[in-house]
Amino acid sequence: MSGYIAIEGISRSFPSPTGSGAPTAVFEDLWFQMEKGEFVCVIGHSGCGKTTVLNILAGLDEPTTGYVIVDGREIAGPSLDRAVIFQGHALLPWRSVLGNVAYAVSSKWRDWSNAAVEAHARTYIERVGLKGSEAKKPAQLSGGMKQRVGIARALSIEPKILLMDEPFSALDALTRGTLQEEARRICVETGQTVFMITHDIDEAIYLADKIVLMTNGPGAQIAEIVVNPLPKHRERDSFHKHPLYYGLRNHLIDFLVTRSKTFAAEMAGQPFDRRRPPLVHPGVIAKAIDGEAGTQRGPSGPTLAASA
Amino acid sequence: MRASLTARAAMLSLVIFALFVGAWHIATSSTGSGTPAGMDPEYAKLLGLGATTGKSAMPTPLEVGAKIWSHLRDPFYDRGTNDKGIGIQLAYSIGRVALGYLLAVMVALPLGFLIGMSPLVYRALDPFIQVMKPVSPLAWMPLALYTIKDSGISAIFVIFICSLWPMLINTAFGVASVRKEWLNVARTLEVGPVRRAFTVILPAAAPTILTGMRISIGIAWLVIVAAEMLVGGTGIGYFVWNEWNNLSITNVIVAILFIGVVGMILDLCLARAARAVTYPE
Ligand SMILES: Nc1ncnc2c1ncn2[C@@H]1O[C@H](COP(=O)(O)OP(=O)(O)O)[C@@H](O)[C@H]1O
Ligand SMILES: [Mg+2]
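If you're matching them up, the sequences are chains X and C in order. Heads up: the first sequence runs through residues 1 to 308, numbered per this note's numbering. Heads up: the second sequence runs through residues 1001 to 1281, numbered per this note's numbering.
By construction, these hints were calculated from the structure, which means they are not laboratory data. Here a beta-carbon is modelled for each residue, glycine too, at the ideal position from N, C-alpha and C. Do not take every clue at face value.
Listed next, with one range per pair, are the computed distances between beta-carbon atoms [as the list claims (entries may be wrong)]: (1) X/Gly-219 with C/Glu-1181: 42 to 48 Å; (2) C/Glu-1181 with X/Pro-231: 33 to 39 Å; (3) X/Lys-136 with C/Ala-1009: 41 to 47 Å; (4) X/Lys-232 with C/Glu-1181: 29 to 35 Å; (5) C/Gly-1218 with X/Glu-62: 55 to 61 Å.
Straight line, CA to CA, 30 Å or less: simulated DSSO-like cross-link-like pairs of lysine-lysine [stated by the list, open to error]: (6) X/Lys-136 with C/Lys-1149; (7) C/Lys-1180 with X/Lys-108; (8) X/Lys-137 with C/Lys-1180.
So that you can see chain C by itself, here it is in the shape it has in the complex (with noise of 0.2 Å):
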């Protein structure tokens, strides 16, 4: 039962997605020649579209399969500043967040269970960060290079910020709700405060601290490529923005494809880690 569901359901998402690409196929190929029916032609020799090339800059399904298939071949060359390989440049965007994040983690889980143990800190923070929880992190950003005066270092703090805040809230909350029963079995076996820590309320907590850094994780992931187009030079953010600059729609569409991919291995991993973690009651 539960496999004829999986499997009716995977030939469902084929379904959708040959009809989705059959669609954008019919919509690309048909405006054959001249402007797009409905479109200033003034705006169209600012895209560059229909004069020049005589046919749409949104590309076919088949063009952008071609892209990827490109990309994928060769993902690392690297010919200067503006023509880098997408690997190349995933690569810089995920070694930004990877960075930005653990220094998130080495400050989010000490101070969370510092915040989660003591009470009085508890409501003593909370004013702070639920009023830093909602900031966009891009908002840091001129107060980042203000300070710090180095784009690339900027563009790590603010994940650094936006990672922060899930993490900390997600530790601070697990270990301050560590069922009273388990503590007092640890406290009946007198268990010290260091070993208490690792084997009762860490474990305890571990479920609710994987769920604030799965959040922070996809966050990071969502606002890298933000940073990258402000901060411009490396990362996938800014090949986007290089790309549309360049008008290769097709690129800029790749591009997303592989955005999304990242994004989704990233968050699969942080699942995976959870899991192993979660306990049933």
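So here's chain X without its partners, still in its complex pose (with noise of 0.2 Å):
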């Protein structure tokens, strides 16, 4: 299959918590490809498996069943070419924030000279705007802070694949708004391939070229892969008022209010290939049908004629 990451029919079970009983499956058999230099956003409710498939990519946590193809080869643990962005940070608290940046960038270039790992790390830390703060400790930092240095840590060694697990859901509504705009520059600048979980509709709004749905767990899946119609150019403080916004924005929330529990049902006895979810562009083709955006929306009709 093409793509630069090819999810192939992986699926994950636990054992039941009772220790008796089938072990069940977190989601089953998700079909997915992203391209280079693509920011893609996982959209789906708490437990649908979202964190499990990251660590996956990111080569922690092993499929049950499937396979993951990077850049034409089979995952097999982690990687340096694939950087994790963590939910919970996770600095490393006895180093300072340039002890943190520089532990990442001495691991994935260990010949270095100790100046030239130094160096290095400050370039990254000044560019999430931590100059004057790299001999702080974690513990000293605000929690925007510390996920900024979680950010330097990642892109400092350079990776071929960004891997966000829900990266400000901690922070408070002003902060997370800063690091979204400076996340996005500097990911479009370097044409960064991102792979984000979030449950925050605007960000992924924001921030995804794609958008892709997973229905409830457990047994979840892919219902579809909705294609950003917004401008790859977006002001943070205007993308709300584009007229394709509202469609957009009606059609995930539409998806996660009711789609996300009813989608089994919604697909009973028509045609669904998993390995080929549908590429849906919301409001683009229905402004064709009848001129009017973001009216639109619902489980079937324009949307999946959208994907036909």
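Hints are included, so try docking the two chains, each in its own frame, into the full complex.
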């Protein structure tokens, strides 16, 4: 199959909590491809297995069945090519800001001198706006600053793929907005390939090129892949004024509120190819059909027609 | 506010100290002559009280102060087996504790690491540790004397055994409870096992390990006095026992003070070390 990252039929089961009984599959038979330089967000309810998918991509977990191919090779374990920004920032508290970033840098380039490692680390600390805080310990930083260090650490190893697990969810709205803006700027500038989990719809709309919608677990599946109709160039303070914004937003909310539960019933009797989840362009086709952006939504009809 | 609290606490300490010394002074100097009231004359004679000196064997604070001063002036004299300066005796004890303790560190840290890294080994060894841990180190003494046949080395062995368990348990626990996310950071950075042990697990577990080491040094210092009383020859424990036989209660009291001070210093050193490796989360 094509794609820079290809997830091919993965499922993941955990032993049932009681010990007896069959193991339950958190998600089943996921197929999905990502191109180089794409920014993909995953949306789904808590417990549908988003973190598990990300851990499998990171190489920290293994799928029960299926496999993941990155850049033409099946992944086996973690790699410096795939950097993770953890939900709980996961900074080493006994190391300073510089120490945390330098640890990653020296892990990637083991033969570099200390001076080279430090200089490289400082570049990335500066890029996330933390110049002047290099000597501080994580405990002395605010939540937003800690997450910036996490971003600097991940970017400093110049990974081919960036994996983010709800990186901004623990932050206050203002800090979150600023960090989203900076993350987007950095990723667009460097053409970074990003796989990010979020439960914030606006965050997904602002950041993503494609939004993967997952149904509820256990037995979760990819319902559809929404192609973001907003232009690549977006401004944080005006993207919500774009004519296609509400159509997209309503489509996503609709999915989370009702369709994520009822998707199986919705699809009953209809052909559904798990290997090729429908690509949906909310608003775009609807506009072409009746000239009314954003009013068309719902389970089937225009959205599915869009994928055909 | 904080400084004033410290100042007031220091003031209160001084007052308590003065009251204590005052009460002690009154209690020991008022007995005057004759046997202390209520004491069997036979027993008093046995203790060499009253009849010979006309005075209580319980020294006054001044006598103890003078004795401390004389020990401090010349702590390292050596006039034969039973007459060595208190500095020499303390040095013997500290030497034994240091040796037994360091041996225990060398065994407990690597072993604790292995136990902590493997849930299987952790569980398998747990019953043994739980049974061995509450055994009084002195109970090992006869076994040590029988197998080692050297009283000095036996004392060191006893220190080793009693220091071992707290360090072993804390190291294993500290290593086993390193946060998964920190280990995942190392994994995603493709950090090898040795580097991971030194750059993630050790710093993460260091506060717990140091806590175990601090408990151990306290126990070791408690145990050395008793062990030296049993083994004899040298050391502060032997000094206490010897001075009891000489009926020099003054020297016994002085020794108690010195034991307390040295124990406090040992504890302070490890508290310092623990603070140096503790990280706020
Ligand atoms: N190590 C594990 N052992 C057992 N069950 C697990 C484990 N990890 C995750 N799960 C289960 O898998 C499901 C999905 O978890 P997760 O991937 O964290 O979901 P999400 O990130 O979408 O909220 C949850 O119901 C959770 O109970
Ligand atoms: Mg999650």
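For each hint, the structure was consulted:
no.: 1; hint: X/Gly-219 with C/Glu-1181: 42 to 48 Å; result: violated, 28 Å
no.: 2; hint: C/Glu-1181 with X/Pro-231: 33 to 39 Å; result: holds, 37 Å
no.: 3; hint: X/Lys-136 with C/Ala-1009: 41 to 47 Å; result: violated, 33 Å
no.: 4; hint: X/Lys-232 with C/Glu-1181: 29 to 35 Å; result: holds, 33 Å
no.: 5; hint: C/Gly-1218 with X/Glu-62: 55 to 61 Å; result: violated, 46 Å
no.: 6; hint: X/Lys-136 with C/Lys-1149; result: violated, 56 Å
no.: 7; hint: C/Lys-1180 with X/Lys-108; result: holds, 21 Å
no.: 8; hint: X/Lys-137 with C/Lys-1180; result: holds, 20 Å
Violated hints, listed in ascending order, are 1, 3, 5 and 6; each of the other numbered hints is respected by the structure.
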